[in-house]
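J.: Read off the chains here:
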Amino acid sequence: GENVEQHPSTLSVQEGDSAVIKCTYSDSASNYFPWYKQELGKRPQLIIDIRSNVGEKKDQRIAVTLNKTAKHFSLHITETQPEDSAVYFCAASNDYKLSFGAGTTVTVRA
Amino acid sequence: EPEVTQTPSHQVTQMGQEVILRCVPISNHLYFYWYRQILGQKVEFLVSFYNNEISEKSEIFDDQFSVERPDGSNFTLKIRSTKLEDSAMYFCASSSLTGSYEQYFGPGTRLTVT
Numbered sequence: 087g088e089n090v091e092q093h094p095s096t097l098s099v100q101e102g103d104s105a106v107i108k109c110t111y112s113d114s115a116s117n118y119f120p121w122y123k124q125e126l127g128k129r130p131q132l133i134i135d136i137r138s139n140v141g142e143k144k145d146q147r148i149a150v151t152l153n154k155t156a157k158h159f160s161l162h163i164t165e166t167q168p169e170d171s172a173v174y175f176c177a178a179s180n181d182y183k184l185s186f187g188a189g190t191t192v193t194v195r196a
Numbered sequence: 202e203p204e205v206t207q208t209p210s211h212q213v214t215q216m217g218q219e220v221i222l223r224c225v226p227i228s229n230h231l232y233f234y235w236y237r238q239i240l241g242q243k244v245e246f247l248v249s250f251y252n253n254e255i256s257e258k259s260e261i262f263d264d265q266f267s268v269e270r271p272d273g274s275n276f277t278l279k280i281r282s283t284k285l286e287d288s289a290m291y292f293c294a295s296s297s298l299t300g301s302y303e304q305y306f307g308p309g310t311r312l313t314v315t
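Protein chains in written order, with this note's numbering: chain A, 87 to 196; chain B, 202 to 315.
If we strip away everything but chain B, and leave its shape as in the complex, we get:
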């Protein structure tokens, strides 16, 4: 069964550094999402992406964040200047149709900002 994959599984970075988190969505999916989960808390929506543009973003997704689909398979989340509070698990998800249909989550990237 196809799955969403993410790399790396764990990323440690220093405050102020840029990080890029990578995702490979399920191949025939058209909608892509990033969520984050701070340890012990609920999953929070960051951004949705369709047809090479952002469909919706949350208040968390400020100017420090950007997303890109650089080729036909990868979907990336970039954090330009990381802060301590960016430490969280970041999940990529994809769905074949608009969000009324199933979103499948990747295994996550644990980002630790020191």
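Chain A on its own, in the form it takes in the complex:
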């Protein structure tokens, strides 16, 4: 089955700096790669996603890149703000299920 590795497990950044989270996946059949943000005790919220026919996607301060050859994808958050503090999960999908990474706890220091 699909195995998704995510790094780093924790990330502390100064407000205004950028944050980068990286994921690798194992199943070349995976074709959909969403990122979820989860605040303490709340549901995972989809923040951005990318499909396998696209290399990069941007939405305001967040962007995701995908390298299908290397089987890795990354989340970039620019100009971080305190409200960006949360756990971020990457995931990969083979159409019927999401396989999640272990999560990155992002702390934005004011």
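Please note: incorrect hints may appear among the correct ones.
Pairs of lysine to aspartate or glutamate residues, derived as DMTMM-like cross-links and limited to a Cα-Cα distance of at most 25 Å, are as follows [said to hold, decoys possible]:
1) A:K144 <-> B:E260
2) A:K108 <-> B:E202
3) A:K143 <-> A:E91
4) A:K144 <-> B:E202
Everything labelled a hint here was simulated from the structure, so no lab data went into it.
Predicted model, so just to flag it, every value in this text is computed and none were measured.
Chain B: place on chain A using the hints.
T.: Frame of chain A; chain B shown alone:
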């Protein structure tokens, strides 16, 4: 904006008891999922459901688990005889098309087995 809803928000049960977790997916969605998240760990896939049958299930989803869509709106997860290790947050999700498209998560049910 439509959201997935789940009830109850918290369920406490004794080991060996049966529990039913309920979900109301977004109304025009056709694919339904259950995931679980043990405290401090990643979200794990349990089962996907489409057209009144299971599409895929994980190794976690053994004979103690079952899913059902008893009517046009609800989607339930039943655990027949709960174990301590079933304690987790259970999330329902739904999507309008096959998993290549966005899955929207409910708020979760925290299940505590004592």
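J.: K144 (chain A) and E202 (chain B) were given as a pair; does the straight-line alpha-carbon distance stay at or below 25 Å?
T.: Distance ~23 Å between K144 (chain A) and E202 (chain B) Cα, so the pair holds.
J.: Verify the proposed pairing of K144 (chain A) with E260 (chain B), using a straight-line Cα cut of 25 Å.
T.: violated, 36 Å
J.: Is the hinted pair K108 (chain A) and E202 (chain B) satisfied, with a Cα-Cα distance of at most 25 Å?
T.: Not satisfied, since the Cα-Cα distance of roughly 31 Å exceeds 25 Å.
J.: Would the hint linking K143 (chain A) and E91 (chain A) be met if the CA-CA limit is 25 Å?
T.: The given pair, whose Cα atoms are some 21 Å apart, holds under the 25 Å limit.
In terms of the numbered hints stated before, the structure departs from hints 1 and 2, listed from lowest to highest.
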